[in-house]
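Novice: In case you want the letters, here they are:
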Amino acid sequence: MPHDHHDEDAHSLLPSEPALRVKALETILVQKGLIDPAAVDAIIDRYEHHIGPQIGAGLIARAWSDPAFKAQLVNNTDGILSDLGFGGRQGEHIVVVENTPDCHNLVVCTLCSCYPWPVLGVPPAWYKSDAYRSRAVCEPRQVLAEFGVIIPPEQKIRVWDSTAEIRYLVLPMQPAQSRGLEESELALWVNRNAMIGTGLPQPPAKT
Amino acid sequence: MTGRKMKLHHDMGGDPAGPIIPDKPDDPIFAKPWHKRVLGLTVAGGAMGAWSIDTSRFWRESLPKTDYRSFTYYEKWLAALTNLFVAKGFVTREEIINGLPSGPKQPLHAAALGADRVLAMLAAGAKASRPEMAKPLFQEGQKVRTRWPDATKRQMPGHTRLPHYAADKIGKILFYHGHHVLPNSNAHFLGECPEPLYSVEFSNADLWPDGHAGDVVIVDCWQSYLEPMT
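The listed protein sequences derive, respectively, from chains A and B. So in our numbering, spot 117 of the first sequence is number 114, and the numbers just go up one at a time. Counting the second sequence from 1 gives a position; our numbering is that position plus 6.
Please keep in mind that the hints were generated in silico from the structure rather than gathered at the bench. Here the structure is a predicted model, which means the values were calculated and not measured. A few of these clues could be false.
[Stated by the list, open to error] Here chain B is said to cover these stretches of chain A; the calculated rule only asks that three of the stretch's residues, wherever they fall, bring their Cβ under 8 Å from a Cβ of chain B:
| hint | region |
| --- | --- |
| 1 | 49 to 59 |
| 2 | 63 to 72 |
| 3 | 119 to 127 |
| 4 | 138 to 146 |
| 5 | 168 to 180 |
Ideal Cβ positions, reconstructed from N, Cα and C, are used throughout, including at glycine.
Isolated chain A, as found in the complex:
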């Protein structure tokens, strides 16, 4: 038995290989009519092919281009996301936090892995890692340095620990070199990490 020291836990009765464990559970749930495998496929398809950081990047690019939209995105976030069709599961209550020359924002969930799914997709592995969850709150400057982001000592860091159902989206500062670009070009400057706070907007990679 894979976990004989905890054999009171039902999960320890499953096969030891994770892929087989999932298959065993899904087989039982489907046979019992508790899960529609086509629903599982549809959920996966949404997060693998449709919902991702390109949604957040489009919002940020539009906020950079259009001050009226930016005001709505910051002050009426849930309303505007709902109007645009970008609300939903794990993004029911989004707060946009704006980076300024005086303040850099960084988002973490120390207790689990809360993340604004409808605008960024499912979180990357590092966001869910013990190391990020442990260190982002106590040594954000060192954590950011590991991502290649150096914050000057006089720029304050605000770390948002997502302990409730509020989800935080960072509105990065627009790089000076990107001024005057079209919204669609600007969106390419906004990477996922810039919207978590572990990155800064970057020129798109040359292809």
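With the hints as your guide, set chain B onto chain A.
Specialist: Okay, now just chain B, sitting in the frame of chain A:
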């Protein structure tokens, strides 16, 4: 550490830890095919409405410490989901052991999520906000002191969203978010018990011995996590 000052293994803010390994731009969204199955099963299972996201979180953090620390992320989800299906009586231990249901194939359960409902379910989400039933006790800008995590629990062992590193600390109310469902109660099927929810700002220097002056950490706290400063 004992009693009310006990820190649980999922509550890792401030723990010593190694380097963070950022991903590469072309890394896949799901590292292994079975990861996505776990995500899909967890979301579909939750959509049955037999338990809340608070219950799911409680069951994940209730995994034995050795499992919690050794399991990869989606293994934790899978283990907690399996335990929940068994605990709620949908699946028996014998079925898990045998890898087979005890009876013939069943039609789709009335509460089960059909494929045709997936898009609407994901787009709707589940708001945690509730109508304001009483004026909030605290005002923006007011100083408050946090309680100990165990002191906020409704049962033992129990669920709370107050991290240990922010316990018994003085902070400042930054925002009031209205009333939100209280996980400490809802996780255990004890009712939603909505309470005022606040973003509370703590000075890094107050939380950590070598915290950078001026930096802050913001923790979302329900009203019952907080005491007024006298």
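Novice: Hint by hint, say whether it matches the structure.
Specialist: How the hints compare with the structure:
1. With 1 residues having a beta carbon nearer than 8 Å to a beta carbon of chain B, the region 49 to 59 of chain A misses the requirement of three or more and the stated coverage is violated.
2. Counting residues of the region 63 to 72 of chain A whose beta carbon lies closer than 8 Å to any beta carbon of chain B gives 0, which falls short of the minimum of three for the stated coverage.
3. A count of 7 residues in the region 119 to 127 of chain A with a Cβ less than 8 Å from any Cβ of chain B is obtained; the coverage claim is therefore met, three being the minimum.
4. Here the region 138 to 146 of chain A counts 4 residues with a CB under 8 Å from a CB of chain B, which clears the bar of 3, and the coverage holds.
5. A count of 0 residues in the region 168 to 180 of chain A with a Cβ less than 8 Å from any Cβ of chain B is obtained; the coverage claim is therefore unmet, three being the minimum.
Violation of the numbered hints given earlier is confined to hints 1, 2, 5; the remaining hints are satisfied by the structure.
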